[in-house]
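Place chain B on chain A using the hints.
Sequence lines, in order, name chains A and B. Take 1 as the starting number for the first sequence in UniProt numbering and just add one per residue. Take 1 as the starting number for the second sequence in UniProt numbering and just add one per residue.
Source of the hints: derived by calculation from the structure; they are not laboratory data. Don't take each hint at face value.
As the list claims (entries may be wrong) - Calculated pairs, SDA-like style, for lysine to any residue (alpha carbon to alpha carbon, straight line, at most 25 angstroms):
hint	chain 1	residue 1	chain 2	residue 2
1	B	K401	A	Q376
2	B	K97	A	D37
3	B	K417	A	N454
4	A	K33	B	Y195
5	B	K220	A	S323
6	B	K369	B	Q397
7	A	K62	A	N81
8	B	K220	A	D319
9	B	K417	A	P467
10	A	K417	A	D448
11	A	K366	B	K211
12	B	K425	B	C157
13	A	K33	B	P70
14	A	K33	B	C157
15	A	K471	B	S83
16	B	K97	A	D432
17	B	K125	B	S197
18	A	K33	B	L77
19	A	K460	B	A415
20	A	K129	B	S223
21	B	K125	B	D207
22	A	K62	B	K97
23	A	K471	B	E268
Unchecked claim - Here are some, though not all, of the chain B residues that point toward chain A, as calculated from beta-carbon distances under 10 angstroms:
hint	residue
24	G144
25	M413
26	H421
We put the CB at the ideal spot given by N, CA and C, even for glycine.
One-letter residues, chain by chain:
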Amino acid sequence: AVSLPFAVGQCGNQVGCRFWDLALREHAAVNKKGIYDEALSSFFRNVDTRSGDNGPDIYKGKICSLKARALLIDMEEGVVNEILQGPLRDVFDSKQLVTDVSGSGNNWAVGHKIYGCQYRENIVEKLRKTAEHCDCLQCFFIIHSMGGGTGSGLGTFVLNLLEEEFPEVYRFVTSVYPSGEDDVITSPYNSVLAMKELNEHADCVLPIENESLFEIVNKIHQMINSGKLGSTVKQNSLVTSSTGSGKTLQEKPFDAMNNIVANLLLNLTSSARFEGSLNMDLNEISMNLVPFPRLHYLVSSLTPLYTLADVNVPSRRLDQMFSDAFSRDHQLIQADPKHSLYLACALLVRGNVQISDLRRNIERLKPSLHFVSWNQEGWKTGLCSVPPVGHSHSLLALANNTCVKPTFIELKDRFMKLYKKKAHLHHYLQIDGMEQSCFSEAISSLSDLIEEYNELDATKGGPRIDPSRLKIAV
Amino acid sequence: MSIVTVQLGQCGNQIGHEVFSALCSDIRGTHGLCSKKENESYRDSCRERFFCEQESGVPVARAVLVDMEPKVISQALSTAARSGHWKYNSHSHFCQKQGSGNNWANGYSVHGPRHKEAIMDLVQKEAEKCDRLGGFFTIMSMAGGTGSGLGAFVTQCLRDAFPTSFILNHLVWPYGTGEVIVQNYNSVLTLSHLYQSSDALLVHENDVIHKICAQLMNIKQISFRDVNQVIAHQLGSVLQPTHTAGGGSGYSRNPLGDLMETLVPHPEFRMLGLRNIPQMPENSLAYSTFSWPGLLKHLRQMLIANAQMEEGIDWKVRPPHPGSSIPSTNKPLHFNTSIANLLILRGKDVHSVDLGSFQDPSLYTSWLKPQDAFNAWKTPRAFNKYEKSASLVSNSQFLLKPLDSIVGKAWNMFASKAYLHQYTKFGIQEEDFLDCFTTLEQVISSYTNL
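Extracted from the complex, chain A is given alone in its bound form (with noise of 0.2 angstroms):
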């Protein structure tokens, strides 16, 4: 089954080349005998290139050519053309691009009214292009970044775009939050608005805050360079490392941060990839962890964030992997699931853990964690055999919990300080299409989802009343 990634905006498409990239190193990691498998097949097609780039389609058999299922979006040009200069260029070709040059100017409103129309029928041309080569479409996943014009506008115009044109595929968006200290002025008005069409429109968000990220990251450099680590880390198994072990290529400010998110997104299809004894399907986690439509926000963790190179791991280190998973360092946002109310969640684990270690873990972890009345025993649970690359096995969690909440009342926040002095306003309502409306009925979506969230805590640690079961007369 495919999953066909779009990355929108700069962010997006940063985040997106840092995956194509890591990508491509765990297949050859996997892919020892160079033939084209059904695991390859979920993110790249196999083209026959010797007589040109438009060759046909190889199913089987040896790699010709392997092209990235994927669209490219840009309203910019400066990041695409980087992607199709640096080591990806041949991973693409120019019918999965849609570019333009002069950038949506932080502006929601520009992403998506304006570029929306003017690029919804190259866009839905191209996306049909691409469905075309795919056995059987799974999912989407959407890359972007809520605080800007592109990722944030545009991005959510596709959301929409998906949702009519192809209705039965899932819409994964993998989404960056900005932050309280976000050099865009507007990122407030940019994020509410594209909230609204996440609310809306996608199956699930997994949200990701740039803070979280970089101290990841500062993280692992401090335990790197203290010299408090006995043995030596390896380098190919950081979240954070891209592929390449030769230095040669300056590593770019984000590019650490972008492949926790990359590594978060190859840890959550594995399972649909790779084989193991307890499959984990994408539809199964938005079955899963969505009870209701629109508490779809899943807060996500990896771990480990390195392995060190010895062999040999006691399972106390595997054990320990599963705290660190719930942890307030190891989430992608600012948030402290422990402490809130979990709805449901799921662990999916790679590489040589059984099903004895993974119940005994959730046994242990179980008594610290609340979980809402109705879901007491609220785990879903996959075991895929192939670890990452240079680690033993590997731990993605994802959480559907309140803990979401202060994001989203922040965000709320922020917003409500810009609108109600209307600053910046004038920039969106003079876009064709957008009206003061859309900015009550975007602050309203938010406060409704807020609320949602308000009453489910409110059960937390209340008393616990079964409902009466049937009576049958006897």
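Frame of chain A, contents of chain B only:
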């Protein structure tokens, strides 16, 4: 007489593979502890029942493999072929690409009708290869989407297409905690539907088998493969050829029919539990000896006290005094009342066994005479390297508590309406859920009032 196996979903295909491996490995050895003639007869009977001969001489399993994603079937096919001892027919499988998403409604209402023709076509082909079709054995889990939902649909199709054949559903009940969040919904939907079309549900609970792996098999890092191998051993002990009670000198010619006849006297009561002893790591087998009286004593107490394995049995539980008519509410606590029991004994000195303790009327409800409620099948040919092996297939209150727990949790979730939108979008409405709950509450009530 031959049985066609239908493996459904990841669990069904993983277990099915282990079952055929176990059956094949059992007949390959000369450790039968019986005469050569007996051994050959056993082997031939097993082969006819579960395998088809091919020119290559490698037995081909009489099986249809169904899954909505390709990886598990692909593995099952290649692992079997690599063994060199048996294999699957390379055409007898059906798979799709996108899975069922743990969604019963998707499996039942979407995949079922969409792929009915292709799947039943494969089943028909396998059925035609049998000289005499003894029925169908389906293997599936309740927790996911394909085994459970598509499995329920396929069972219905089997019933419609083969109205006079026996259908035995092997059902795996998930761990109480943490395989699939919507597992209780999927379980309720599966059980209520299977109750309409299946003849009997033979159940294994992951929690129970896990304990066996941990405490009896001494496995440190238990994998699903370990769990599946224990299940395969237990199933093999039931499915391998045996002599039935009145059946002359040959092996039973109608295994599924005999099973149904002895164990399912009433359509309201279809749930069969399975206990098999002894169970131990292979390398301990040579050092252990057992006596039939000892084994039967343990099995009987396991039955009465509803113990999951031969360790930790509560010996204090006793049946009520015979003769007195005790209303069910006054029965001793924790006492497991049976409707019917079947003992399958395999190995050395099996004919000398005294089975009187199982014929005690106080073990049973009053509807059947003890001589009808209890049956024993004995075979001198030892099974799977165990010098003596005893299996108890029981239609009793074994599964009452776990069933009640599943229904309770599902109801709790249903009351909050959580996850219902995932089912309604594929056509399973709230009313459908209510019907299923009603069916199962009825089953629970019936078993409770034994």
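Next item on the list: Could you check the structure against the hints above and give me the numbers of any it violates, in ascending order?
Entry: 4, 7, 14, 15, 16, 20, 21
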